[in-house]
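For chain A, the structure is supplied; the task is to place chain B on it using the hints.
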Amino acid sequence: MWQGFPLFPEQASSLAARVDEFYIFMWLVTAFFTVTISATMLYFAVRYRRRRADERPGEIHGSLALELTWTIIPLLIVVVMFVWATLLFFAQRRTPDDAMQVTVVGKRWMWKLQHMTGQREINELHVPVGKAVRLMLTSEDTIHSFYVPAFRMKMDAVPGRYNETWFRATKPGKYHIFCAEYCGTEHSGMIGWVYAMEPTDYQLWLAGGPAPVSLAEMGQKLFAERNCATCHTPQGAGRGPVLNGLPGSKVLLQGGEEWVADDTYLRESILRPSAKIVSGYQPVMPTFQGQLGEEDLAALIAYIKSLPAAAGDAAGRPSSNVPASK
Amino acid sequence: MPTQPITSETMPKEHYLNADYGIRSWLLTIDHKRIALLYLLSVTVAFALGGAYAVLVRLELLTPAGDFFTAENYNKMFTAHGVIMVFFFMIPAIPATLGNFLLPMMIGAKDLAFPRINLLSWYLYVVGFLVTLGALFVGGLDTGWTFYTPYSTAFANSNVVAAGVGIFISGFSSILTGFNFIVTIHKMRAPGMTWFRMPLFVWAHYATSLIQILGTPVVAVTILMVAAERLFKFGFFDPTRGGDPILFQHLFWFYSHPAVYIMILPAMGVISELVTCFSRKRVFGYDFIAMSSLAIAVLSFLVWAHHMFVSGMSVYAAMIFSALSFLVAIPSAIKVFNWTATLFRGSVSWQTPMLYAMGFIGLFLIGGLTGLFLASVGLDIHVTDTYFIVAHFHYVMVGGTIMAYLGGLHFWWPKMTGRLYPEWWARVSAVLVFVGFNTTFLPQFILGYLGMPRRYYAYPEEFQVLNVMSTAGASILGVGFLLPIFYLAWSMRYGRISSANPWPATGLEWQTPSPPPTENFPRTPVVDEEAYDYTRPPKEIALV
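Chains as they are written, first to last, in the working numbering: chain A, 1207 to 1532; chain B, 209 to 752.
Just chain A, same shape as in the assembly (with noise of 0.2 Å):
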């Protein structure tokens, strides 16, 4: 907008013109009721200003009409403003189908991200234009906030957990990352750069560094390693259930709760195994706290993602995990 002194920041994901056209209309809506209502206070000051010091106005108790009305007319407003944020929220949500993904990891003072090919980045982050990015944030330790005001994005890496979010660049440059969560000494020192590419760009990018492993087979390697296969088979006859088309779905638990296999659950099902148990199995899964740093769970959970759903069907046990019988 103006050089020199500018009141947005840049535009430059799908999403920032529509952050920046509902922030306008409520700073429009916020100017008109101070105006109008300051100024109707100042006229009638002025107006009805005390002109004798034993002056004695006539009473005017209230009036119904006009509560109604201006407890109406605010509520209709701020309906529309609720609706259009939400409308907002929803596009924020939602996810692309066709995302890319990139882990998150928060870490004092720092951000380390992932790629799915593997390569990996500290405080900086190679994309796209035109493509659609998932983040999947968590930390290592205390809660941090992934936050890009170019593309007025921002989502909490909490500890324990991973949080969703996602963005579309959509004009190549350098943007600000900065963590806009509270997180000790260096908080501020906490920033990086996000660099939109134009795609041809990223593909040079992406070649250039040393031929990556991807994250699925880092995550291969690492369940070979830690034996995880012993007990968690594909054919489904191990004491561990069938990783195979897990993710994502249903699973029954002891005690008849129905929970949704997304990535938060795998996380603690391998750190503290006993938390959630499948119905029908036991809890004999030794914990891995401690042993595995965010980035072998990040690792893992992308080989278990990338398992061929069938393998569960093929051996006569339903995918969806709930064992056929007891």
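Keep in mind the hints are simulated off the structure, nothing from the lab. We put the CB at the ideal spot given by N, CA and C, even for glycine. Heads up, some of the hints might be wrong.
Calculated lysine-lysine pairs in the DSBU-like style (CA-CA distance at most 35 Å, straight line) [stated by the list, open to error]:
1. B/318 / B/221
2. A/1456 / B/441
3. A/1318 / B/441
4. A/1482 / B/441
5. A/1380 / A/1482
6. A/1337 / A/1456
7. A/1313 / B/441
8. A/1427 / A/1511
Chain B regions said to be covered by chain A (calculated; three or more residues, Cβ under 8 Å) [said to hold, decoys possible]:
9. 378-388
10. 556-563
11. 638-648
Using the frame of chain A, we list chain B on its own:
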């Protein structure tokens, strides 16, 4: 009937200030008016200290690089500013000083229902304050006033437990004051003082007290849980021990959002009194203003999660809390419209308390309306945890609560001390506060939208211009706040002697000498009219 109220240019011979002498007579007093003055002194100390920390914070933010202080000390300074201002100034400021002084007098009572518990409240406040100050001065605290876990329980190397204990203790002061007010309002109203004849100041304090009683225990328990996790490694909030850090945020905001209304509701009560007295007209829509206070108190408990829209809550939870948060705008708007309508065909006087009241309405409009930005989830995601939030809540807290507090303090100063404050100086300081405040905090809305996160010790260079403006405004604001400390202190000794009812105003507190006698009224008043009857001159009062 005389057209002017009876004025006595001499002080009453005996009043609550000279009823007894010596430090003991103050420290062991059970007179609500003296306890109010004890609070006045202590919250002024808190305000000065909290303000001093704000000055240091603004100084550091003058330049992008971290240069005046270390990052660690900066974090301790903004924490100290927040902790002192929120827990030891904003929450007690109006209820414990003006409320304590006026509430019994406004309903025609001799004192609060439990005078000794009232004194105990002050001692709990002081002990809590001293413990927290000790923690802040020796070693410091770097968690921010919000104590977010697991940072506060597992990472911070500062005095979390000691500061928490101080806040915990002072919490009981708040609970007891609320409890005392509620019992007093229910049981001690003078003959004829029906619920709907009560001044709106009393209604506002009734609503505030409900929040204090219902909300404060929750934060007290939360602080204990933080302490238990820090000291004994309980796993409430720390995910590595099976806890949930988000649980803390729910518990904390379940109190700390209503706490915002503990700060603003009494301020609204003050404004209702000021607007009506200085328009010399019955307040417009009495019932609606009274009931909107209760509506705000109820809604205050249903909106806490709007502080957590980016913590990872479900879409539906976010929608519900967003919708409920929008609803708070309605009772707030009702108040603002009614105050404005009160001026219509009034007899408006531009004295200092009215300047503050008009300032309040203008600034509270901005503070309240920018709150709607934050109730809008789609927009909150971008602006939360940035300077936009900082600007918003300072508009409500400083532009709202402190403006009302200063307006009320000037309005009732003659009643409290028996002397008038110097009007010229007071107007100068009111204008300085208004100008300084806007210069400090308007740029922060822009700063926040541009993306500057809060609690940043160093920041990218493109944010410097706005930060310099903000710091410049803060120095004007600082002068505006310092002036009253001097001229009010001066007026206690040298100010002109006030009549019993200098404005003149309705309300029972003005129908007794200034300063009032220890038992408040020479004889128990009988009320036979509604509040704010300005159609005729106030009743004469028997000064003997």
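Open item on the list: Check the hint pairing residue 1337 of chain A with residue 1456 of chain A against an upper bound of 35 Å on the C-alpha distance.
Closed with: Satisfied, since the Cα-Cα distance of roughly 30 Å is no more than 35 Å.
- [ ] Below or equal to 35 Å on CA atoms is what counts here, so check residue 1482 of chain A against residue 441 of chain B.
- [x] Roughly 23 Å separates the two Cα atoms, so the pair holds.
Task: 35 Å Cα cutoff - pair residue 1313 of chain A, residue 441 of chain B - done: 22 Å, holds
Task: Satisfaction of hint between residue 1482 of chain A and residue 1380 of chain A, Cα-Cα up to 35 Å - done: 43 Å, violated
Open item on the list: Is the coverage entry for the segment 638-648 of chain B by chain A consistent with the three-residue Cβ rule at 8 Å?
Closed with: As far as the segment 638-648 of chain B goes, the hint is violated, because 0 residues have Cβ atoms under 8 Å from chain A.
Task: Restraint check for residue 318 of chain B with residue 221 of chain B, where alpha carbons must lie at most 35 Å apart - done: 19 Å, holds
TODO: Apply the coverage criterion to the segment 556-563 of chain B and chain A: a residue qualifies when its Cβ sits closer than 8 Å to a Cβ of the chain, and three qualifying residues are needed.
DONE: Since 4 is at least three, the answer is holds.
Open item on the list: So if I understand the rule, the pair passes when the alpha-carbon distance is 35 Å or less; does residue 1318 of chain A with residue 441 of chain B pass?
Closed with: 28 Å, holds
Task: Stated coverage of the segment 378-388 of chain B by chain A [criterion: 3+ residues, CB within 8 Å] - done: violated (count 0)
Open item on the list: Against the 35 Å threshold, does the CA-CA distance of residue 1427 of chain A and residue 1511 of chain A hold or violate the hint?
Closed with: This hinted pair holds, its Cα atoms lying about 14 Å apart.
Open item on the list: Run the distance test for residue 1456 of chain A versus residue 441 of chain B: straight-line Cα separation, threshold 35 Å.
Closed with: 34 Å, holds
This entry does not satisfy hints 5, 9, 11, going by the numbered hints stated previously.
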